[in-house]
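Trainee: So the protein sequences, as listed, match chains A and B. The numbering of the first sequence is this note's numbering, which starts it at -16 and goes up by one. The numbering of the second sequence is this note's numbering, which starts it at -16 and goes up by one.
In short, the hints are calculated from the structure, not lab data. Be aware that one or more of the hints could be misleading.
[What the hints assert, rightly or not] Computed Cβ-Cβ distance ranges for the label pairs, DEER-style:
#, chain 1, residue 1, chain 2, residue 2, range
1, A, L(-8), B, G104, 51 to 59 Å
2, B, N(-1), A, E(-12), 42 to 50 Å
3, A, P18, B, E135, 54 to 62 Å
4, A, E(-12), B, K7, 26 to 34 Å
[To be verified] Here are some of the chain A residues that sit facing chain B, going by a computed Cβ distance under 8 Å:
#, residue
5, V(-6)
6, I2
7, C4
8, P32
9, E89
10, G152
11, A267
Yeah, the Cβ is synthetic: ideal placement off N, Cα and C, and Gly gets one too.
Spelled out from the first residue to the last, the chains are:
There are 2 protein chains.
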Amino acid sequence: MATVEELKLRVRELENELIKCKQKQCAMEDALHRPKIDKMSAEVVDSNPYSRLMALKRMGVVEDYEKIRTFTVAVVGVGGVGSVTAEMLTRCGIGKLLLFDYDKVELANMNRLFFQPHQAGLSKVEAAELTLRNINPDVLFETHNYNITTMENFTHFMDRISHGGLEEGSPVDLVLSCVDNFEARMAINTACNELGQIWMESGVSENAVSGHIQLIIPGETACFACAPPLVVAANIDEKTLKREGVCAASLPTTMGVVAGLLVQNVLKYLLKFGSVSYYLGYNAMQDFFPTMAMKANPQCNDRHCRRQQEEYNKKEAQRPKVEVVEVEEDVVHEDNEWGIELVSETTDADLQAASGTMPDLPEGITVAYTIPAAQDTTNGETVEETEQSLEDLMAQMRKL
Amino acid sequence: MATVEELKLRVRELENELIKCKQKQCAMEDALHRPKIDKMSAEVVDSNPYSRLMALKRMGVVEDYEKIRTFTVAVVGVGGVGSVTAEMLTRCGIGKLLLFDYDKVELANMNRLFFQPHQAGLSKVEAAELTLRNINPDVLFETHNYNITTMENFTHFMDRISHGGLEEGSPVDLVLSCVDNFEARMAINTACNELGQIWMESGVSENAVSGHIQLIIPGETACFACAPPLVVAANIDEKTLKREGVCAASLPTTMGVVAGLLVQNVLKYLLKFGSVSYYLGYNAMQDFFPTMAMKANPQCNDRHCRRQQEEYNKKEAQRPKVEVVEVEEDVVHEDNEWGIELVSETTDADLQAASGTMPDLPEGITVAYTIPAAQDTTNGETVEETEQSLEDLMAQMRKL
Chain A
-16 MATVEELKLR VRELENELIK CKQKQCAMED ALHRPKIDKM SAEVVDSNPY
34 SRLMALKRMG VVEDYEKIRT FTVAVVGVGG VGSVTAEMLT RCGIGKLLLF
84 DYDKVELANM NRLFFQPHQA GLSKVEAAEL TLRNINPDVL FETHNYNITT
134 MENFTHFMDR ISHGGLEEGS PVDLVLSCVD NFEARMAINT ACNELGQIWM
184 ESGVSENAVS GHIQLIIPGE TACFACAPPL VVAANIDEKT LKREGVCAAS
234 LPTTMGVVAG LLVQNVLKYL LKFGSVSYYL GYNAMQDFFP TMAMKANPQC
284 NDRHCRRQQE EYNKKEAQRP KVEVVEVEED VVHEDNEWGI ELVSETTDAD
334 LQAASGTMPD LPEGITVAYT IPAAQDTTNG ETVEETEQSL EDLMAQMRKL
Chain B
-16 MATVEELKLR VRELENELIK CKQKQCAMED ALHRPKIDKM SAEVVDSNPY
34 SRLMALKRMG VVEDYEKIRT FTVAVVGVGG VGSVTAEMLT RCGIGKLLLF
84 DYDKVELANM NRLFFQPHQA GLSKVEAAEL TLRNINPDVL FETHNYNITT
134 MENFTHFMDR ISHGGLEEGS PVDLVLSCVD NFEARMAINT ACNELGQIWM
184 ESGVSENAVS GHIQLIIPGE TACFACAPPL VVAANIDEKT LKREGVCAAS
234 LPTTMGVVAG LLVQNVLKYL LKFGSVSYYL GYNAMQDFFP TMAMKANPQC
284 NDRHCRRQQE EYNKKEAQRP KVEVVEVEED VVHEDNEWGI ELVSETTDAD
334 LQAASGTMPD LPEGITVAYT IPAAQDTTNG ETVEETEQSL EDLMAQMRKL
């Protein structure tokens, strides 16, 4: 039988051990957080997380880097491209990030950057927010764990795009599409056309060796409904693929490159340096990077797109003509019935040279990008991204 | 005064609390680890971290993806490019990684991907190994926390490159240079020329808006001493910069893109798919990607390079001539005294169009890449990467 003295000793021992255990836990938690920083400093000390970014001013690349803190960006889709996109923006010190995704982290995602095995089972937006907040507590985060394509969520999504800016009530500055299916891209397109919201599209092919980014300015450049989508990932949802026991391939390299090119163009757009690409492709097999630009289509199916075009044309017409003559800037290209003008910076020979061989695919998977038929979006024809000219695509569309 | 009963109750309470605390700690530690996987599976289940990589076989992109586990890659420099490079290779399931760096993680590194604030103070190789091992415990890691340019370390570095393969005693399959200074690049070049070790170079300019990767096959393509280095980061070490209160700019975007392009070419080289780029540049201001190839220089200063060239030429001469005539494949280009042949896939107009404006820089910092003078490497002339043709560079060299 224990004496009072022995028991007292044991209490003291246990108390000490418990204190040590709690201290270690606190240290583990503390270690995950750095204090917030009020004002970006250019001071060159090891402890300043912004010194290398502020150096862009001294280097003459960016005029006012601090302005990054005034911007809000919405990232739709926090997968292989979206998560890295969000991390890059977070490390650059963006003001606010809105993250939208309804998926969970799985071990099957570990072949791409960002998520870690211990996050398996968490929702992607929840896991991302935790990691990103630790990386940079100066950024504001707003996450939405839902599918934007359902009616109710779509309304909420529209509301957050138009009111979720840094100053509540103001719109976001840019929407980034990092989704992996046609419906979600179309939902973003519809929302941005209605709101006149500038956005950037991104995508990676299902064989993992090509990708693209695209800038969409409603009314000015071709929207997603304007053009036969050169750039839509095949319209088969993840669940169907899983049920069939097949899945799309993916690589951390291709997704990292696409995210890097996307965020680089976001920085150029927001901070006004360099030139922003309208469309930039990445063919990993050949290290080939096609670029082009497409004007909006006056016959676009989306009425909000047509409305935005009218507004844009009105504004353009009102602009005082300072220069000699703006050469045919607003003239609709008459060569094809869609009125789309393709301004390719690469030659046909380049495009030909860059088109890879067509892999032999299992049923239900298409290589790169599909042209969905007008009504039936589940049965699109497959087109290798850089293999066909716009003329070819038009000919195909006519046949449908 | 406490009774025996009270003390006993307190002991039980404390014991329970301590158990809970320890359980939570164990859970936190357990969560960081997934079990090792013996054999890569293509099974499409959420718990398989390799399903999306093995899908590359079904997609017809890679013939034998599992072969990735037989390769060893050495990454020299675990900074903005090297850390992401190591992470991509780890997530791709590479067999073994050797990491070399002598720097510590600082908050000032947080504007690039990979390292997190709580790792500040740890050595880069130590922090990287911990993170990478959690991401993929199937990869073998060997880390060296030293500067490869000192005599003793250089000898050890040579030894590990030639004996640190997956099967101890065998050489590594590829060396990747992800360093940020001229001396370290030259050390890697010297080692690889002596060993006949194929390697890839990478670099990012000090204004953060351009970068490149380059494949170097000793004896066959131009080594680092063969050509006026078009692609060397300015020869000013980090410490000097810090002392002067200035630092180079860097961006997670540019470094992520360069790492992505680098590892994509590593995968193409090791797994034999697509075509590997000899030199691929990235101009972020214009989204322009120049490519070229350079042959080894018979007058190279490095005697091991000249020896490798002799061996290569002997082997080439012995190869049975199957095809009609190999058009001038081994003929030394006579137009310049360095015997370097530049095979540019971009036009002069493209190059001209891609050259950005020269920023106004503080003393001690140069924009992109320097040509070190033969003896005095501290006073190189600055050349914008894509602004000058090889002819111009040759003319400059002649003047020196």
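Trainee: If a hint holds in the structure, say so; if it doesn't, say that too.
Mentor: Each hint tested on the structure:
Between L(-8) of chain A and G104 of chain B the C-beta distance comes to about 38 Å, which lies outside the given range of 51 to 59 Å. At roughly 23 Å, the beta carbons of N(-1) of chain B and E(-12) of chain A sit outside the given window of 42 to 50 Å. A C-beta distance of roughly 41 Å is found between P18 of chain A and E135 of chain B, which places it outside the suggested range of 54 to 62 Å. One distance hint, 26 to 34 Å for the beta-carbon pair E(-12) of chain A and K7 of chain B, holds here, with the actual separation near 32 Å.
Hint status for V(-6) of chain A relative to chain B: holds, with the closest Cβ pair at about 5 Å, below 8 Å. Taking 8 Å as the C-beta cut-off, the interface hint given for I2 of chain A is violated, the closest approach to chain B being about 10 Å. Nearest Cβ of chain B to the Cβ of C4 of chain A: about 4 Å, under the 8 Å cut. The hint holds. Look at P32 of chain A: its Cβ gets to within about 4 Å of chain B, closer than 8 Å, so that hint holds up.
Hint status for E89 of chain A: holds, given a least beta-carbon distance of 4 Å to chain B, under 8 Å. For G152 of chain A, the interface hint is violated, since its Cβ never comes within 8 Å of a Cβ in chain B; the closest pair sits about 30 Å apart. Among the interface hints, the one on A267 of chain A holds; its C-beta lies about 5 Å from the nearest C-beta in chain B, closer than the 8 Å criterion.
Of the numbered hints given earlier, the model fails hints 1, 2, 3, 6 and 10; all others are met.
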